[in-house]
Amino acid sequence: MTTDVTPHDGTPLIEVSGLRKTYRTGTGEVVAVEDLSFSLPVGGALGLVGESGSGKTTTARMLLGLERPDAGRIMVRGTPLAETVRGRAARLARAKAVQMVFQDPYLSLDGRLSIGATLDGVLRLHGVRDPAARSARIGELLAQVGLGPREAATRPRGLSGGQRQRAAIARALAVEPALLVLDEAVSALDVSVQAQVLNLLADIRRDTGIGLIFVSHDLAVVRYLCDEALVLHRGRTVEHRPVGDLLTAPADPYTRLLLASIPRPGWDPEHIARQRRELPAPAAAGGVVPSE
Amino acid sequence: MALLDIDALSVTLPGMARPILDRIELTVAAGETVALVGESGSGKSVTARAALGLFPAGADLAGRVRVEDIDLVGADAARLREVRTGIAAMIFQDPRAGISPVRRIGDFLTEALRLVGGWSRARADARAAELLAAVGLPDPERHLRQFPHEMSGGMLQRVMIAAALCGEPRLLLCDEPTTALDVATQAEILALLGRLRRERDLGLLLITHDIELAAASCDRIYVMYAGRIVETATADELFARPRHPYTAGLLGSSPPQEGPLTRLAPIPGAPMSLLESATGCAFAPRCRFAEPGRCDQAPPVLEPHGAGRVACHRADELEPPVLAHLAPDSEDR
Chain A
266 MTTDVTPHDG TPLIEVSGLR KTYRTGTGEV VAVEDLSFSL PVGGALGLVG ESGSGKTTTA
326 RMLLGLERPD AGRIMVRGTP LAETVRGRAA RLARAKAVQM VFQDPYLSLD GRLSIGATLD
386 GVLRLHGVRD PAARSARIGE LLAQVGLGPR EAATRPRGLS GGQRQRAAIA RALAVEPALL
446 VLDEAVSALD VSVQAQVLNL LADIRRDTGI GLIFVSHDLA VVRYLCDEAL VLHRGRTVEH
506 RPVGDLLTAP ADPYTRLLLA SIPRPGWDPE HIARQRRELP APAAAGGVVP SE
Chain B
5 MALLDIDALS VTLPGMARPI LDRIELTVAA GETVALVGES GSGKSVTARA ALGLFPAGAD
65 LAGRVRVEDI DLVGADAARL REVRTGIAAM IFQDPRAGIS PVRRIGDFLT EALRLVGGWS
125 RARADARAAE LLAAVGLPDP ERHLRQFPHE MSGGMLQRVM IAAALCGEPR LLLCDEPTTA
185 LDVATQAEIL ALLGRLRRER DLGLLLITHD IELAAASCDR IYVMYAGRIV ETATADELFA
245 RPRHPYTAGL LGSSPPQEGP LTRLAPIPGA PMSLLESATG CAFAPRCRFA EPGRCDQAPP
305 VLEPHGAGRV ACHRADELEP PVLAHLAPDS EDR
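Chains A and B, in that order, give the protein sequences. Our numbering puts the first residue of the first sequence at 266, with every later residue one more than the last. Our numbering puts the first residue of the second sequence at 5, with every later residue one more than the last.
Read the hints as simulated data drawn from the structure, not as lab findings. Take these hints with a grain of salt, some might be off.
A short list of chain A residues far from chain B (calculated; beta carbon distances all over 10 Å) [what the hints assert, rightly or not]:
| hint | residue |
| --- | --- |
| 1 | P277 |
| 2 | R333 |
| 3 | R389 |
| 4 | G392 |
| 5 | D472 |
These stretches of chain B come out as covered by chain A in the derived footprint (C-beta under 8 Å, 3 or more residues) [claimed, not checked]:
| hint | segment |
| --- | --- |
| 6 | 180 to 191 |
| 7 | 205 to 215 |
| 8 | 244 to 257 |
| 9 | 265 to 274 |
Here are some chain B residues pointing at chain A (derived, C-beta under 10 Å) [what the hints assert, rightly or not]:
| hint | residue |
| --- | --- |
| 10 | S44 |
| 11 | A218 |
| 12 | A220 |
Just so it is clear, CB atoms sit at the ideal spot from N, CA and C, and this is done for glycine as well.
The shape of chain B in the complex, shown without the other chains (with noise of 0.2 Å):
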């Protein structure tokens, strides 16, 4: 059974144009990397809060999120505790922003443990202690006595995923855990996660702008558009054939690493707003492949193609050669 198990999940806010998330699926099963990959505004992040049972407020609902065997959607107070202190533990963007600058790391780490659990002092600092040493920082009695401005980015990150295993959680739900550090500090935070994932048999859903970083580090990718998701399938397949125009486009848009240079074929306009709706395919209006009378259609659901699943209206005939025309050498709209 899957540990996360997101099915039709929709939700709308009232004055909002289009639902913030549309008919949303996505499962991940323990000992699983799985990212959900889209630009702002995508609903990527409120689809990772969601697996918290944290919902906008005022949101209808539609759908179900199951975390184990609990239903989140309308889950009494005490359900959505046991989630959110044992089950499911979050991680976000920039460490410095969920932790007070006056206090101490040990102070941060051994809070809930003190107070909700009723440890003693001793005990919390020794498991504090013990989290410090499990993400790698070499010397957790220092590092428990350090306010967070002694230390860097990287150093922080790994205190908030020491924070989030306190509670021994079976899903780590990692909101751009590495948008704010650099290239190789993110190497070393998505080793630590990889380790942590298999010792601990945790099932991950990796939040991220990056469909490169997703392919590297991930089993399955969910590409997100407008509150939608539009393709599906594991990490080699996407990156090697995407299928949908959007994934394609997404791939195309960063200058290669080796091989020849041509002009980039970024995708036209920007990413869709909650101001904005569609009547049909949300990215028709900026997908090259848009074909009036039938993209402009309801918007089409994610059905199988070749290896994995797309939404899209053209996915017979858009076979993965056809996306290869994407990159080089279209003119810029």
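Here chain A stands alone, though its shape is the one from the complex (with noise of 0.2 Å):
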């Protein structure tokens, strides 16, 4: 694929500084997202771990431009991410900055059209007037996710989970972004589906210089896809490495506690829940759901 990301002089790919968001509820004010930094250089990939309801999803809502954050601010290439966007111009210059790919993919393609018939639409909005051009160009990203002709006449009901997740990634990869959010992107495929999806993941960053941030809640796939994984605790860092060492080496209990919830023989839940109840509450309230 030949997505131009190529920053003009060692620019980050996206920066992101002192981003924070709060919601206001009923009984007040709950910190989403507090003072989080981080950046990612061409190609780059971080991964974004915690719980519910720890601010993964709130960070990847601001990336995407569908929240708006209440302090800090968010460059990519450069350039700030534009807070309000007001016009055809300034959208499409958003949605090439930055595409999304969530969980469920049942909900975010249109049941009515087919595969094709998306692609072909996202590339005659961004210009591609010509028809055979755009043909073409959806055979290639087709191919790039593995999928064929039979699949871009199917609708998505027609496909398999796994096939439909492949095609909200061409989906994303059709305009050429220079960032991919994936949110739980893989987590509701079946194991051996959810291995497929990975490797096309790996593939990808690998073939483009696209930049992925990577939500998640399992580290084994974390280490997998991204260089760097970024831990979050009630809308706090609490650890940003690379990582392997964040694997090997956990410095924060939380991430302690993180890697040895993760299932394996001779696994000690009581343990776990145990170390859960010793947790030092972070430095201040956070969170956005019921802490238990």
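From the two separate chains plus the hints, produce the assembled complex.
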């Protein structure tokens, strides 16, 4: 693929600094994300790890422009990501900066359109006028994600879960984004199919310069795909390191708890439950769901 | 005697290309944790429901499902009620789907006691508080007055377990009970289920897609594919020496947590739908070891091999070292 994500001068692909987001609830203010900073080079991949309510999805939504941060900024290729997007050109530019793949491809693809028609629509919207060029590009995209003409003619309902997620990835790649945000994108797939999609994502990393933000609760999967992992706990960054170091020598008690929680033979859930009760509270109250 | 004894159970629905369940056998004894592992459409939830005498409407049934000494195939309503309200109980993946969002936790837990048992409000409330304490919720009196939206998923799953304990069951069927929870909460729920099993001598059947979770938390494992049991062994044996290529493939599909990273070797293709049928081994189209002329013959039956039992035409040749070659560096198909 020929995605051009080359920055001019070693500028990071994406640079996030001091990001903060709070939500108002009936009982007061909940800090969803507090002082989040990271940057990603071209072709880099970062895993965002944490339990439900840790702020992973809020972060993903801010990167995508679905939520407006209360503070901080997001730079893509050295240009601030516009907070308010007005007009068609700005919307398209934003779409080219960041694309997202969601957990449930059933909900993120238009059920009335065949996969080919969905891709065609994206390309038309982004100014590919020549039908022959669109059709060639659709073939390219489908081949990239391991689908063929049969799937192109099929609606999402007629595809398996893995094929649907491949189609959702093709849709996101169609605009040649700088950054691909994957929010639990393999969690809903069957185990055997999940491995196929992980290999596909590894190929995309290798063959394009697209940056990946991989939101997941699964540290082993993050290790497979990413260079670095950032562990969020109640909206705060508790650890941000190369993923190998994080797994072999976790520094933070919360990271240690997450690692111990991964089921393996000889696993002792009683011990993990005890460890969790003894976990020191983070510096400030946060989190979206009630704690246990 | 086994608490749950499923023997040669077949469930067939008209219009489907293959049986939903094909000669399933499975047992759970008191005090034992047994896992049933499979992917979507493998029939694992249908098997669990069969243990409550719940069969798909209009299905043809063959074989036997016994809970204690009650045969559920063809049982009358009174016998089924005896099983469902007393001996066996079930919890599901999504606790929010099983509880009314506009009613308090206390109302949910006491409804059956008051309506069916004729208990007074005070007595039922006291019992509900006792159950909430048993599942490790810290402040039962307060939780009784809460609404579901005021609780996290892990807390609500505890409430569902409390509700399941209401009739003092001996058999607890858990259908993906932690799939919607994060890993730390998953560990807490499994710690709770383990404690309840020990305290009450419960038989636990854990239905899951996660073979690592099964290996970590169960005594024995059954692996299901396309409506059949393809392998069964103790958890340790199955994890260390998988004999069916499907089991080995499942184990090879998750990235390792430590050690060198090699490219994953996924099982090619997708699990078989109910609209597809196979004349031979149902896994053969996805199997790296399938042999033409052999694996397309009538499906194999579960036979003893090593320390477990396997349904594979090539079980004699595919000793565990052969399967070990499955993992690294094989090409995707």
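Hints versus structure:
1. The non-interface label for A/P277 is consistent with chain B: the shortest C-beta to C-beta separation is roughly 25 Å, beyond 10 Å.
2. Consistency note on A/R333: stated as away from chain B, and its beta-carbon is indeed over 10 Å from all of that chain's, at 25 Å minimum.
3. The Cβ of A/R389 lies farther than 10 Å from every Cβ of chain B, with a closest approach of about 31 Å, so its non-interface assignment holds.
4. Remark: the non-interface label on A/G392 is consistent with the geometry, its nearest Cβ contact in chain B lying 34 Å away (cut-off 10 Å).
5. No beta-carbon of chain B comes within 10 Å of the beta-carbon of A/D472; the shortest separation is about 14 Å.
6. Counting residues of the segment 180 to 191 of chain B whose CB lies closer than 8 Å to any CB of chain A gives 7, which reaches the minimum of 3, so the coverage claim holds.
7. Judged by the Cβ-Cβ criterion of 8 Å, the segment 205 to 215 of chain B is covered by chain A as claimed, because 3 of its residues qualify and three suffice.
8. With 4 residues carrying a beta carbon less than 8 Å from a beta carbon of chain A, the segment 244 to 257 of chain B meets the three-residue requirement, and the given coverage holds.
9. For the segment 265 to 274 of chain B, the assignment as covered by chain A holds, since 8 residues bring a beta-carbon within under 8 Å of that chain's beta-carbons and 3 suffice.
10. Hint on B/S44 holds. Least Cβ distance to chain A is approximately 6 Å, under the 10 Å limit.
11. Taking 10 Å as the C-beta cut-off, the interface hint given for B/A218 holds, the closest approach to chain A being about 8 Å.
12. Contact between B/A220 and chain A, as hinted, is supported at the beta carbon level, the nearest pair being about 4 Å apart and thus within 10 Å.
When held up to the earlier numbered hints, the structure conflicts with none and fits them all.
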